[in-house]
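Enquirer: Starting from the known structure of chain A, fit chain B onto it as the hints suggest.
These are the residues of each chain, in order.
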Amino acid sequence: MIHVDDFSFWYGEKQALHHIEMMIPEQKITALIGPSGCGKSTLLRNMNRMNDLIDGVKHEGDITLDGTSLYDPSVEVISLRKRVGMVFQKYNPFAKTIYENVVFALRVAGNRNRKELDEVVERALRGAALWEEVKDRLHDSAFGLSGGQMQRLCIARAIANRPQILLMDEPCAALDPIATLRIEELMQDLKKEYTIVIVTHNLQQGARCSDKTAFLFEGKIIEFDDTDKIYNNPSEQKTMDYITGRFS
Amino acid sequence: MTEQSRENQAPRPVPSRFLVSKSTLRFDQFMTSSIVFGGLAIIVAVFAIFAYILSQVMPLFKSASVDKAADFTLQGDQAALVLGVDEWSELPFVYRGGAQLEYRDVQGDRGVFKEELEIPEQQMTAFRYSPKNEMLALGFESGEFAIVNVSYEPIFKEGVRTIEPKVETILEGDFEMEGYSVIDIGYGATEEERIVCAVLRNAAGETQVVAKTFEQTSGLMGPGELEEKDSFDLTQEVPSGAHDILVSSSADSVIVSNKAGKVTYLFYEDEEFNKRQVFQPFEEGFARMDYILGNVSVVFTTSTGEQETYSLYLKKGEKNRTFGKTKSFPSVGVSPSFFVPSSRNKAFLVGAGNTVSLRYNTTERIRWEKELDFEPRLAAIDGKYKTIWFLDTEDQLQQFKIDDPHPDAGLKAFVGKIWYEGKSEPEYDWQSTGGSDEFEPKLSLVPLFIGSLKGTLYALMFAIPIALLAAIYTSQFLSYKAKRIVKPTMEIMASLPSVVLGFLAALWLAPIMEYRVPSFLLCVVGIPLSAIMVGYLWSQLPSNIRNFFEGWEWLVVFPVLALASIILWNLGPAAEQLLFKIKEYQILAADGSLLEVVQGAGVAKEKIALLADEGVQATYQLLGNVQGKDGRAVADFTLWWSKQVSLGAYDQRNSLVVGFMMGFAVIPIIFTIAEDALSNVPSSLRAASSALGASRWQTVKEVVLPIASAGIFSAIMIGFGRAVGETMVVVMATGNTPVMDWNIFNGMRTLAANLAVELPEAPKASTHYRALFLGAFVLFILTFTVNTIAEVLRQHLREKYKIV
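Residue numbers (our numbering), protein chains in the order written: chain A, 1 to 248; chain B, 249 to 1052.
Honestly, the hints are just simulated from the structure, not real lab data.
Every residue gets a Cβ at the ideal spot worked out from N, C-alpha and C, and that includes glycine.
Just to be clear, a hint being listed does not mean it is correct.
[Said to hold, decoys possible] Computed beta-carbon distance windows for the label pairs:
(1) 793(B) / 111(A): 24 to 32 Å
(2) 176(A) / 1047(B): 26 to 34 Å
(3) 931(B) / 35(A): 42 to 50 Å
For reference, chain A alone in the conformation it holds in the complex:
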């Protein structure tokens, strides 16, 4: 699926990632954990080239998706991003209706088929476990929703166009525990269909819902293994220290 191959990354002069090497498995949830500033978000954002939007960045090495390099000059970033959806830490719905938020990806792809769009809205919202709550007010502004609902709307928006991979950058950081729980349940549903990469600060969350876990520290992958192994029997002392809360 996604293969990160000896990937290094710089913000200006500052090196954020050092020779990252990892294979992300299909239809699993892969969690990236590590202390603040360890580079986990940077790594995630490189997986659909969102870091392109930042000025003065450079990289070495490669990330491949199904064998093609993301950084090949001929790659259309737009079509890449259609394959790799993303959910952000802070929910960020557009100033549009709930309906229009969900179909945004299809609209920009030029889909004008009303019936198809209606189906997509229902499917995506059901997929994001939001359908029952909003089905009567699809054409109201998205700003009328609660924080948790907005984040689920953003997930629905991300899965509306059926990407292969869903990147989630601390999706529950801005949510209360109940909303967090709903998102975690949702992830378990979603992994039947999508490959999910999640960045989380919450070790319990990582333990609860991921299949594989990568521990990053100072821009390097310290350990990448099955979640059970990382949490219960890590091979590295650093991982052990972090898991057990000696530092954070």
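Expert: The following block gives chain B in isolation, referenced to the frame of chain A:
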């Protein structure tokens, strides 16, 4: 230490570390109060400016107030015929028909005294007094006449000014009509010539109309004697029963009316009288006719008090100015007893019974009307338009003070269509000052308002697309490195003095544009088209090339656009040669005979319309191209525009030049504010949109623009405000003609430019001065209204597209 004092000591004193230091508190207090003061001061200042402008403007809309000041007794044995007064209103006189003038000193201690007149010792049968020229024309039973100059002279003695009367008979003569006596007389003068006209009647009731002209000879010491030159018998020229006669004080026209109310207008030129017109103002006839100041308008008053003004103007298809009805006034009730024109403005005072009415001809308004508690028989207005004198039936002189500093102002004068003297139709016009005292100010703000909107519109048409597209490109597409240079550069451009832009527009751009309009038009159309073409070709390139240039695409577009502009600019003359040939047309009469050959279809059509007005049916036929000396067809856009299209002339200082240059003044402001608004859209939304596969343009269109719309809207409105108030570019590059059309190749005069141009020459507190303030007020209200509407809309947009 007692129990009491121990209790007084606070049990738990506040530790000093919890206290805020005094200096912090003081500074906080100081800053709070100075910010509050500053904010309030700004609001107060704006309102104070508003109030000041309003206070300057309000007097324009006040009507006249006339109040009795004093009365003085005269001691005459006969009824007075003429009442006159000096400029300072100190020494009124009456004429009772004899050989004396009776003066009444109302300022000093001279009381009533008399001055002798050197006139024929005959029975006086006709008189006419012109206060403006201080001339009293007298006609006698014997057919003789005398013209007396009744003037005043201020004498300074030991620092005290006294007004001395000066009476001088300048002309005496005889119409030499045996058995006829003068029944009405008129007098007019130019520098070289004098005209005396009179209606004479014999015992049988037959009338004669005669005119005599005199030549001003020049002596060794200034003007010499008046020598009789010619004598004219005008009886045959006018309908029978001549009754009244008026001679314009400029001695070029004579108006004779008969008892039936038929009026004959005779024009005197080159020692000849020509009958120009016979007309009948009222079917039932009229009681009197009088010139008002300026010799262009005559007011006819009927015996029932109806009043209409007839002015000289050029009617369609006629070659000479003739009289036509331009104004009508409400009735004064009964037959008029007197009619006094102001010698300062176009006001006149008419009395009928006890009612007196002060009216203003230009605006057709009654300035003051009152039923007095006495019956005025005569009246006079002083030369300063400050005092009215009435002489009542008891021989009492009643002095009234006029407070009417702005008789020519009023709502109608500023926004209404007015039939000005000499104009062929009612129109909106601004012409605040003229060459003579008799000038009628034209104070319509409408052409200036239209001019302001026109300049603004053309500037914004040019500036908005460029500024907004540039802002979008810079904030959303341009690489960060380039943006760091572009943004401050544009901000510096905003501080470019507009006088420099105006200077460039007037002295550099306008002359180039005049010869290169086709090139310019080609560029306007061609540059955006070539940009779109480059964009299309670019999108067809393989993605690795495009990705390489991301954020630096302008490096590719720029040379192409530069090349395109050079090519288009140089194609201009060829296009002109091809498209804007001047064609010749022959104008044929109905019988096929050639009347004229003209250049341009527009001119030909106008000619035919003109001929149709004269009753000649004509057609036009294309002859071919106009050929120059070298045998080639003449092609010139400016000529083509004025002759072929004929929507209006091509003016070198035109709206296109202004739109272009003022656009430059406005672009940086719109750009900077819009760019800020666009850049302030949270990057999380742009990221979300990109992450959903939207292209950069789709992100802009779907996500960024709606959120930035409020800010972009403010940017446009601030640009509008700047363009409306922009002065120097307009003053220098428009020609400042207050025309009212939307022709892009014509100039304009804006409210702001009008202020700049005319304020230095407007005397303080004059009507002109206040009218300029009114212009400022309109400008103030215009921007205030637009900004308020804009702010409301902006709030609405911000609410609609707010971010979580």
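Enquirer: None of the hints should be skipped; say for each whether it holds.
Expert: Here is how each hint holds up against the structure:
1. 793(B) / 111(A): 24 to 32 Å: 29 Å, holds
2. 176(A) / 1047(B): 26 to 34 Å: 27 Å, holds
3. 931(B) / 35(A): 42 to 50 Å: 25 Å, violated
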